[in-house]
Amino acid sequence: MPIRILTVDDHPLLREGFAAVIEGQPDMQLVGEAASGLEALQVFRDCRPDVTLMDLQMPGMGGVEAIGALHREFPDAKVVVLTTYQGDAQALRAFKAGAAGYLLKSMLRRELVDTIRSVHAGRRRMPPEIAAGIAEHASDDALSQREIEVLRQVADGNGNKRIAQLLGISEETVKAHMKNILSKLDANDRTHAVTIAVRRGIFDL
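Under the UniProt record's numbering, the sequence shown is numbered contiguously, ending at residue 205.
Treat each hint with caution, since some may be false.
As the list claims (entries may be wrong) - As a list, the in silico BS3-like pairs of lysine-lysine whose alpha-carbon atoms are at most 25 Å apart:
#1 Lys161 x Lys184
#2 Lys175 x Lys161
#3 Lys96 x Lys184
#4 Lys179 x Lys161
To be verified - The calculated label-pair distances, taken between Cβ atoms and stated as ranges, are:
#5 Ser170 x Arg45: 43 to 49 Å
#6 Leu14 x Asp140: 28 to 34 Å
#7 Ala135 x Gly168: 35 to 41 Å
#8 Thr191 x Gly168: 21 to 27 Å
#9 Gly168 x Gly24: 52 to 58 Å
Quick caveat, the hints were computed from the structure, so don't treat them as lab data. Cβ coordinates follow ideal geometry from the N, Cα and C atoms, glycine included.
Model the full assembly from the supplied sequences, consistent with the hints where possible.
See below:
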């Protein structure tokens with residue numbers, strides 16, 4: 001039996017590209033396509049694929065959220081993440097949600113087919129540079145949800161006083177959060193902290 005594949009990406013041209021690669025393989029069959037996380041859940045229920053190729057950056061329900069929802073309903077679902085983002089924090093969230101493979105879109109031409117076969121066979125696949133990034137920050141203190149909220153507000157150009165108003169906390173609390181953020185990210189200043197957070201996939205701009 002061929003490996004039955006579902007592709008999930010909000011860009012039709014990318015889905016067409018995946019389809020072309022899959023259709024060229026005698027042991028693979030494209031059984032469904034979806035343009036969002038929510039649609040992916042519905043299509044998965046209908047076609048029950050062996051492997052799902054999942055983009056992370058999609059409107060509405062994103063990839064990580066969709067992977068988590070899939071695994072709650074179908075614990076054996078095998079998902080390969082396809083993304084343009086190399087951040088270790090984003091990759092870690094995807095694996096914690098239940099992803100079995102992780103591929104940068106720049107690697108698709110040479111890695112996609114082998115990754116699908118490996119994940120279908122029950123193995124995990126992760127690019128060495130992603131694995132190295134996760135290992136590098138494995139002992140770091142993760143930012144709390146509140147610290148991420150504060151840093152998002154900084155990224156939006158807000159000062160401490162405005163952040164305090166928006167989040168319903170005191171200005172002193174914002175300053176304390178910023179001190180922790182700079183320490184945890186080993187950042188020189190607020191702008192540097194935002195740059196590091198975006199690069200690592202802690203949040204998106």
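Measuring from beta carbon to beta carbon, are Leu14 and Asp140 in 28 to 34 Å?
Check passed, 33 Å falls within 28 to 34 Å.
Taking 25 Å as the top limit, are the C-alpha atoms of Lys96 and Lys184 close enough?
Holds: Lys96 and Lys184 sit about 21 Å apart, inside 25 Å.
Consistency of beta-carbon spacing, Arg45 to Ser170, with hint 43 to 49 Å:
With a Cβ separation near 47 Å, Ser170 and Arg45 satisfy 43 to 49 Å, so the hint holds.
Pairwise beta carbon distance, Ala135 to Gly168, judged against the given window 35 to 41 Å
holds (37 Å)
C-beta pair Gly168, Gly24: status relative to the range 52 to 58 Å that was hinted
Once the Cβ atoms are compared, 55 Å apart, the range 52 to 58 Å for Gly24 and Gly168 holds.
Taking the Cβ atom of Thr191 and the Cβ atom of Gly168, is their distance within the range 21 to 27 Å?
holds (25 Å)
When you check the alpha-carbon spacing of Lys179 and Lys161, does it fall within 25 Å?
Roughly 15 Å separates the two Cα atoms, so the pair holds.
Between the alpha carbons of Lys161 and Lys184, is the straight-line distance 25 Å or under?
Holds, at roughly 22 Å.
Does Lys161 sit within 25 Å of Lys175, going by the straight-line distance between their CA atoms?
The given pair, whose Cα atoms are some 10 Å apart, holds under the 25 Å limit.
Checked against the numbered hints above, the structure breaks none of them.
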